[in-house]
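> In order, the protein sequence lines correspond to chains Y and B. The numbering used here puts the first residue of the first sequence at 1, with every later residue one more than the last. The numbering used here puts the first residue of the second sequence at 1001, with every later residue one more than the last.
Derived by calculation from the structure, the hints in this document are not laboratory data. Nothing here was measured: the structure is a model prediction, and the numbers come from that model. Backbone N, C-alpha and C define an ideal beta-carbon position, used for all residues, glycine too. Certain hints may be false.
[Stated by the list, open to error] Here are the computed lysine-lysine pairs in the DSSO-like style, where the Cα-Cα straight-line distance is at most 27 Å: (1) Y:K226 / B:K1203; (2) Y:K60 / B:K1106; (3) B:K1055 / B:K1009; (4) Y:K251 / B:K1009; (5) B:K1073 / B:K1106; (6) Y:K40 / B:K1209; (7) Y:K11 / Y:K204.
[Claimed, not checked] Covered stretches of chain B, as calculated for chain Y (at least 3 residues, CB under 8 Å): (8) 1035-1044; (9) 1054-1064; (10) 1251-1259.
Next come the chains, spelled out residue by residue.
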Amino acid sequence: MALNDVILLAKGETRYLCPFDSEEVWGVNDIGSDPKFEGKKIHKIFRFDPTDSRLLAEMKAIAPIVSWQSYHDIRYPLDKILKEFNTEYISNTISYMIAYAIYTGVKQLRLYGVDAPYGGIYEIERSGIEYWIGRAEERGLRVVVSKGSHLLRTITGSIYGKPREGNIPLYFAERLILRNVLPKEGNYEDMEKCSLARWLIEPKERECKEFGVEVMRMANGSLAYKVGKEFANEIWMPKETWDYIANELIKLEKAGKLPAEATTIYKKLVKLPEGGER
Amino acid sequence: MRDVILLAKGDSRRSCPFDADEVWGLSNVFRCPEFKGKRIDKMFLFDPLPEQFIKDAKEVAPVVSWRDYADIKYPLEEIISRFNTKYFTNSICYMIAYAIYLKVPKIRLYGIDAAFGGIYSLEKSGVEYWLGRAEENGLAVEVSEGSNLLRTSTGDLYGEEVTGGKVPLFFCERLQLLNLIPRKGHYEDVAKAEDARWVFSIKENEGEKYGVKISKNSDGSISFFTPQEFAVELWLPNIVWDYVRDILIETEEKGELPVDASTVYEKLVLYGGSDWR
């Protein structure tokens, strides 16, 4: 019988928001080994990579494995799914899972820990996941993305073509990097803009409480932050601030001085608003 | 209408045969010299644009947009209502949604190449969401040869074939590699560097398993502390392996290979490419 509500659980930061209140929870790979999920019910594990016996045993202790590899407990109906959807475009485990949900008639799919951050390998995977979400939605499957995920949202939260203004999802580390990239001195007009930018991105008191951020004042007057685990929050930026930061980043990039760790920020604030078009 | 060609400025634009019932052009594609004299039936523009640009576009074909400068009004509200989403990341998304809305039976994409790495990979997100919706609606979608749309990085199903290699690396070797990877540069270069950095960086589960403490410094850099050395097999996609190997070779040819990077050089340059991948 088709399931009404399934949670798909992967390893992104938003996994900790998972309420485990659906009919079934489907886990990606070794997600069940996360100590924070001890005692939580995961009904199926999806795995498709070649895997050694130790890791397999660990995963099978959590839930039966769905796969087309020989180690499966529940056979993934690959041939039927390829035929049903007339495509071989399956770029990661989550894509397999969404295809499986559509194929088995799931009514609602909630995604936790599928954060698709910009940068790194997840960016390549993001588009494949969105392809399958598009197919799912068009078939009437309701897809709900967890708060903090970058899936199914433009960088501003507005449709393409609107001005640069809006809520931008930034990781804590990105905010610290951005603070360091911004100038520390200059003329009054620039420093006024810079000061607002700094205020917008610096960690707020409620965030410090929520995510256990410690703030330390160093001997030279600067602030240092310590955080137990990474988190992403949406930072609202008015157009003027966004433009100011984007221009500072563009200046650095043109000079060939863009720090490597600032690439995701550059992507979010400079490139994405251009729509990734040629 | 039987089919429509969607035309953008990626390299595969040159293979566009202009033989569809209609050709829809994106943004400034009309400025490509090789398209002079070719028939483009509609131009799709959505950005705020200078007057002259709009005028030039209109000389080629009527402009479809939800902006005031439109000749053909883009039915934005109807489309948002029909698909119940506002997820449009670029003009191509608008064009695909429009094609589904108009019930075009087939769309053929040229110059939308979505190359891996750098900014063009961003074309994939959003666009593939709309391609998924198009296919579910029964639209035939044809992607030009050379485009990375609707294909995995290897062309194989995920899990089907190893397209990189596993390399056993000690914790300190990974730190050495992290130090060798450039920390600043132009966007396209540092984007590759960031992919490599991600592969070699210490993952949360390793931190727990081996007691590695990770602290983020206020300058954005990361410090690691570990009570004991350990080695882990890392899977390196070919794109990362080739990138790092080139850096190691370049450093070595300049006579600047750090002595503590010699084992990494052996693993990734001298032996790499044979048994491990």
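> For a quick check of understanding: which of the numbered hints are violated here, in increasing order?
Failing hints, ascending: 2, 8, 9 and 10.
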